[in-house]
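Participant: Chain by chain, the residues run as shown.
Protein chains: 2
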Amino acid sequence: MSQGQFVLGAFIPGTLSGSAWRLPEAPLDTFRSLEHYQYIARKLEAGRFHSLFFNDTLDVKLDLALQRGPNSVRWDPLILAPALAASTRHIGLIATASTTYNEPYNVARKYAALDHLSGGRAGWNLVTSLGGGENFNRQEHVEHDDRYARAEEFYDVVSGLWDSWADDAFIQDKASGTWLDIDKLHVLDHQGEHFQVRGPLNVSRSPQGHPVVAQAGASVAGKRLAARVGELIFTAQHTIEQGRAFYQETKAAAAAFGRGANELKILPGVSPVVGKTLAEAQAKYDRQQELLEPKAFLSSISKFVSLGYDLSELPFDEVVPLPPEHFTTNTHQSRQKLVFDLIRRERPTVRQLFNQLTSGGHRILIGTPESIADDLHAWYEAGAADGFNIMFSGLHSAIDDFVDCVVPELQRRGLFQREYAGTTLRENLGLPYRTNRFF
Amino acid sequence: MSQGQFVLGAFIPGTLSGSAWRLPEAPLDTFRSLEHYQYIARKLEAGRFHSLFFNDTLDVKLDLALQRGPNSVRWDPLILAPALAASTRHIGLIATASTTYNEPYNVARKYAALDHLSGGRAGWNLVTSLGGGENFNRQEHVEHDDRYARAEEFYDVVSGLWDSWADDAFIQDKASGTWLDIDKLHVLDHQGEHFQVRGPLNVSRSPQGHPVVAQAGASVAGKRLAARVGELIFTAQHTIEQGRAFYQETKAAAAAFGRGANELKILPGVSPVVGKTLAEAQAKYDRQQELLEPKAFLSSISKFVSLGYDLSELPFDEVVPLPPEHFTTNTHQSRQKLVFDLIRRERPTVRQLFNQLTSGGHRILIGTPESIADDLHAWYEAGAADGFNIMFSGLHSAIDDFVDCVVPELQRRGLFQREYAGTTLRENLGLPYRTNRFF
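Chains as they are written, first to last, in this note's numbering: chain A, 1 to 439; chain L, 1001 to 1439.
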């Protein structure tokens, strides 16, 4: 990556998110169509995006929003990513997998295979999951601190397994019939509190050494894990000052683990709405907001962050009351903190809060290519970001708008790459190759 | 599928198997190359093969054969299959996944997604695995009977989750903002001995209703599972009489579960070596056998089936002693039975046994396109098979030989399809659509 250019990742939901699916131009059945995702991946690649990222959930929430919201079904990202790897050549593919409801041997193996198959373009978004226990032999979701303790050890096992073989272990000498050099094999023999895993992994070291690890934890335990092992850090930050504080705090925390500032890239999420004029962009945004069901959404988010009262029962133009002093949820402390802070800081009306939150908690950027480029530039220049995770609804026209209008503006200003810098995702991101700890 | 035509599946190993990798024409690094598998999948599709099947293992055997054999590493079939789905249009993709070292919710979801993504071409080879416990928090591999008890329940959970949604559950009514019909959702709420899984699955019903289930169990418990749930039955049978007996026994066992004869297809494996003349085919075969290391192989197989003595210590032309009376292994009763029976029935020399076993226990068919077509025709006509699982080494030239020479001969005789019969794997195999048990 050239000096002075930033990273662009794209977030694509499992289905069209929010109200995007209700727009006349939105296709039906995106959750049954590989072509839908292929279009997106190829378009983003044409726009030189560094990576494409799929989040995940492991259950269907049986709540009021179920009937009206499109988030009930989504493919496993580890099934979608290989298909997109075979459909593209350059863009990185970051798939989410849970450390709470998987086995580390399986996860290590799948990402190593994906890294091979994609020619070094695999990333693992390491999550502890927001729910799902009832689908995995549990009465309820595993507790927050237990999840993170397991996640720390899970990562150690996975990354240890990724180093099972020296890069030159498989000599494949036809004349002597020697397939591999047995001295270049490391048996991990991990004996930990949560895991006992012998190894070695039955996949050879992959093009990146290790697939890139993405992390978005924002609780104390989540931030600690991100600082120790995260290489792409996804975060929701609302002001440049907050962004810069988070940036400095995270890089310092990583440094305390002996990591250099260039070993992790911090990407705040932004949700863009692009128009030729600000008025056109605003009209696009308003059209989507009108199609959302404010009552259902506000009721759902009130429960989601344990607000203690129901926003949907308040008048739309009333100022939102202050939230409780203490955090109480098990599952999404970061989202809870974001909402609570937003209410305390901005004292918004219900309507204003609704508009903020329907972006999934990320900043909404409504504007022209120029104004959006200005905004991203300002954050980057202020040291609040190494780049951005662009939160798309999955609507093709919105991705087209960004790639066709905003990307050229960023390139014209020298802020964004015109060509991929290397072959692997690591090379494109400017992250160091992960050498093998055992060889 | 037309009357009188048989099914052809292909078995492709994770790397070039046996000694194939040592041949001058064999490419190196097949375990790092998507192009290797894409070539194979596309060639088999050009040859109208019904399906392509990948087996799996979950560990690296730290034995004498490790250094010399190519089976140490292989990609997870559930990562490879989606990439090949995006690279082909018609051929079925059957990926192996273990019921012993996975969670049913994850497995149900991955295959449903693969079925969507491939347009209805997914198959699940359900295995209980031959090993791997030490990579999954266990001192050793789970015991045979426990594995099968878990497998039975695992299947029930997976297939129940596949029926979580009616086919028309996702109405996506833009005008009213109704995404789904909540009455067309079934919460499984499975409470069993091994699994407690609430559901619903967060993937919609897939094009085939259920992905095709393949099974190759050959122990008593394995055969029972195959008879109850298997739709493609892979088996190793050495004589037409054995094949016919197995065929009749399996169909009768399925009938006892209320299943029709057309609800499962029985595919014995055969390992072909094709030449323009028999002499040319024999020379090809001999060339590969010479490159194998008989000592290492015989030592390894002696342990693998718990023979009680070491074949590698016997003279190559000595008749093999009789094996023990009783079966003792935990992990591969079917392979053990096959070897023991072979020794008892044929009283082979060590050399003869070596040649038989290096096919992975399957029949070796060395011959011309005509003689191979004769053989397959005879088995099919005798009621010993619904088709065949063609065991390839992964060498491209051997696949080319079969597709370019044997397939046209089979087509000329009216034994094999010239075009795919339908769109989905189920349609192509002549297996019935799986209706939803709850809707």
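Everything labelled a hint here was simulated from the structure, so no lab data went into it. Some hints could be false.
What the hints assert, rightly or not - In the BS3-like style, the derived pairs of lysine-lysine whose C-alpha atoms are separated by at most 27 angstroms in a straight line are:
1. A:LYS337 x L:LYS1174
2. A:LYS303 x L:LYS1223
3. L:LYS1303 x A:LYS61
4. A:LYS295 x L:LYS1184
5. L:LYS1303 x A:LYS276
6. A:LYS303 x L:LYS1184
7. L:LYS1303 x L:LYS1043
8. A:LYS184 x L:LYS1061
9. A:LYS174 x L:LYS1174
10. A:LYS337 x A:LYS223
11. A:LYS184 x L:LYS1295
12. A:LYS303 x L:LYS1284
13. L:LYS1184 x A:LYS174
14. A:LYS284 x L:LYS1043
15. L:LYS1184 x A:LYS61
16. A:LYS184 x L:LYS1284
17. L:LYS1174 x A:LYS295
Claimed, not checked - Covered, in the sense of this in silico footprint (three residues per stretch, anywhere, with C-beta under 8 angstroms from a C-beta of chain L), are these stretches of chain A:
18. 172-180
19. 300-310
20. 313-320
Claimed, not checked - Per label pair, the in silico range of CB-to-CB distance:
21. A:ARG42 x L:GLN1411: 33 to 41 angstroms
22. L:GLU1313 x A:ARG437: 36 to 44 angstroms
23. L:VAL1187 x A:GLU241: 43 to 51 angstroms
Ideal placement from N, C-alpha and C gives every residue a C-beta, glycine not left out.
Participant: Which of the listed hints are not met by the structure?
Facilitator: 1, 2, 3, 5, 7, 9, 12, 13, 14, 16, 19, 20
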